[in-house]
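Take a look at the letters that make up each chain.
Protein chains: 2
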Amino acid sequence: MSFELTILGNSSATPTANRHPSAQYLNFLDHHIIIDCGEGTQSQLRKYKIKKSKIEYIFITHVHADHILGLPGLLFSMNLMQRTTPLHIFAPASVFEIIDLFFFHAGTKLHFEIFRHLTNHTKTEIIFEDAFLKVTSFPLFHRVATSGFLFEERSRLRKINVNECERFHVPFTSFNDLKRGKDFISADGKTLIENHLLTFEKGEPLKYAYASDTVFDERVAASVEGVDLLYHECTFAHDKLDRAIETMHTTALQAGMIAKLANVKKLLIGHFSSRYEDLNVLLNETKTEFENTEIAEEGKMFEME
Amino acid sequence: MSFELTILGNSSATPTANRHPSAQYLNFLDHHIIIDCGEGTQSQLRKYKIKKSKIEYIFITHVHADHILGLPGLLFSMNLMQRTTPLHIFAPASVFEIIDLFFFHAGTKLHFEIFRHLTNHTKTEIIFEDAFLKVTSFPLFHRVATSGFLFEERSRLRKINVNECERFHVPFTSFNDLKRGKDFISADGKTLIENHLLTFEKGEPLKYAYASDTVFDERVAASVEGVDLLYHECTFAHDKLDRAIETMHTTALQAGMIAKLANVKKLLIGHFSSRYEDLNVLLNETKTEFENTEIAEEGKMFEME
Numbered sequence: 000m001s002f003e004l005t006i007l008g009n010s011s012a013t014p015t016a017n018r019h020p021s022a023q024y025l026n027f028l029d030h031h032i033i034i035d036c037g038e039g040t041q042s043q044l045r046k047y048k049i050k051k052s053k054i055e056y057i058f059i060t061h062v063h064a065d066h067i068l069g070l071p072g073l074l075f076s077m078n079l080m081q082r083t084t085p086l087h088i089f090a091p092a093s094v095f096e097i098i099d100l101f102f103f104h105a106g107t108k109l110h111f112e113i114f115r116h117l118t119n120h121t122k123t124e125i126i127f128e129d130a131f132l133k134v135t136s137f138p139l140f141h142r143v144a145t146s147g148f149l150f151e152e153r154s155r156l157r158k159i160n161v162n163e164c165e166r167f168h169v170p171f172t173s174f175n176d177l178k179r180g181k182d183f184i185s186a187d188g189k190t191l192i193e194n195h196l197l198t199f200e201k202g203e204p205l206k207y208a209y210a211s212d213t214v215f216d217e218r219v220a221a222s223v224e225g226v227d228l229l230y231h232e233c234t235f236a237h238d239k240l241d242r243a244i245e246t247m248h249t250t251a252l253q254a255g256m257i258a259k260l261a262n263v264k265k266l267l268i269g270h271f272s273s274r275y276e277d278l279n280v281l282l283n284e285t286k287t288e289f290e291n292t293e294i295a296e297e298g299k300m301f302e303m304e
Numbered sequence: 000m001s002f003e004l005t006i007l008g009n010s011s012a013t014p015t016a017n018r019h020p021s022a023q024y025l026n027f028l029d030h031h032i033i034i035d036c037g038e039g040t041q042s043q044l045r046k047y048k049i050k051k052s053k054i055e056y057i058f059i060t061h062v063h064a065d066h067i068l069g070l071p072g073l074l075f076s077m078n079l080m081q082r083t084t085p086l087h088i089f090a091p092a093s094v095f096e097i098i099d100l101f102f103f104h105a106g107t108k109l110h111f112e113i114f115r116h117l118t119n120h121t122k123t124e125i126i127f128e129d130a131f132l133k134v135t136s137f138p139l140f141h142r143v144a145t146s147g148f149l150f151e152e153r154s155r156l157r158k159i160n161v162n163e164c165e166r167f168h169v170p171f172t173s174f175n176d177l178k179r180g181k182d183f184i185s186a187d188g189k190t191l192i193e194n195h196l197l198t199f200e201k202g203e204p205l206k207y208a209y210a211s212d213t214v215f216d217e218r219v220a221a222s223v224e225g226v227d228l229l230y231h232e233c234t235f236a237h238d239k240l241d242r243a244i245e246t247m248h249t250t251a252l253q254a255g256m257i258a259k260l261a262n263v264k265k266l267l268i269g270h271f272s273s274r275y276e277d278l279n280v281l282l283n284e285t286k287t288e289f290e291n292t293e294i295a296e297e298g299k300m301f302e303m304e
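Residue numbers (numbering that gives the first Met the number 0), protein chains in the order written: chain A, 0 to 304; chain B, 0 to 304.
Hint data in this document are derived by calculation from the structure and do not stem from the laboratory. Be careful, since some hints might not be right.
One copy or two, either will do: identical chains are not told apart, so a pair holds if it fits within one copy or between any two.
[What the hints assert, rightly or not] Here are the simulated lysine-lysine pairs, DSS-like style, with alpha carbons at most 25 Å apart:
hint	residue 1	residue 2
1	Lys286	Lys108
2	Lys108	Lys189
3	Lys133	Lys108
4	Lys239	Lys108
5	Lys158	Lys239
6	Lys286	Lys299
7	Lys51	Lys133
8	Lys299	Lys46
9	Lys158	Lys122
10	Lys239	Lys286
11	Lys239	Lys53
12	Lys181	Lys133
Everything numeric in this text was worked out from a predicted model, so none of it was measured.
So that you can see chain A by itself, here it is in the shape it has in the complex (with noise of 0.2 Å):
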């Protein structure tokens, strides 16, 4: 599977007695990232089995508490097991300055690196690329500087038609070339065949935005057109709309109008307030909006292929 979304925490500010906070680990054509990293996120890991050494990038939406505190934790007990392989963190500068402070105190030497690059809550732009994979951050609206992040698949490779390259007798060792759209000449130069007649369509590339925490916005739609899977923050049913508007979060409801507004394939709503013991009631809320919505449930895998 080429997406492979696993929630680790689900709750907003404070975390009830089997919510935690904000946190996401995500496969993304083998790019192993953590998306936000709420308190607990090390042991959350280990509960999923997901193991600390694979991760390679973390993204930080903001400074608040409940999305940062399980980030020392994580850096230090990575570093007591020894890692030595870089590690890259996007994050407002504010992030790295509360780490440094930690690491100086604590007296920590670290034996792999940490590559910094800071995110940037005013402006669109692209933070990450590689031959697979693209990261842009997006300006979120909320009360410090926060950033949203689009992942997106960056070339897409063809599929093999198993059946018809059978029937060719076209070797495995070429099916990486095929898969690059390629077509099939024999070792000894005599046979070609096209290459749609050999593999199917690739498809669109697939994209997932996560957008935590922010105030009903349209620009957070713009941000996201399209995405095959959103995940937004919903804070509170409307009927608590003032209280999202003073805090800067968004409501059920309009978690629903963003998606509807952004024309995504599938939503998914967290980040939920500890006053709900039953999400029920703002997952049906949002489905009066955005009907294919579910609910990012802790453990819960989402996958795309």
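Given the coordinates of chain A, work out where chain B should sit on it, guided by the hints.
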């Protein structure tokens, strides 16, 4: 019960699937106290149904991540719950520096006052005292400035001998005076009964000592001499003595030696390395030196009267 100690975490640096970093909740003579505050403490409090709102005192031994990472989140949650009661925190200056930076970047304004009591790891000193409880900090010997804490019942009340009081028709309203050692005088001034005929001995004041983290050092035994209950760290089994010395921790055997040297009544061991799945390995080793030892098991409550 005048002394109730609930273990919230017993893991050293790296949490395991079912063990959290250092934290304890102590209710001693109606003083509601947190000792150390590792990552996940607020979730553990919720799990064991201890209300955050009643916490009045927090004692932090040192600035290492596994002893403090739960503190900012706990404070943020208290604030979100509109706490107005002041909170007393006893900790090294570095801990306040980190909290301040968190608050500054998060733009948080607290609704309640935090009284800051800076600990000094270089000496033994009384850091809290009221009519019922006295707390003394004492030096531990770790990689950073670390203090242990001795919690002592300050004055003890005599116990009412209910049978004798009934026989002499002593009214309930006189019990408070009797507990404080006064003789009984009837309202008409005619009857006098000496206190010792109506009450039992008050016994020795209860003492609890918390010693984590520290390398084995006989000065710790001197600081915790004769306590009723000693919590002592025990990160490794004795076959890892080299590692214990290098990281300035204690082995299971050494924890037992301290308890024996200090002539304490009972020992609790904790702060276990994540490498030990079966904690009985450590318990058995400690017991070769000090028989009356228990594991500081998470969720377990230790009581004394």
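Next on the checklist: Taking the earlier hints as the rules, which of them does this structure contradict?
Outcome noted: 1, 2, 3, 5, 9, 11
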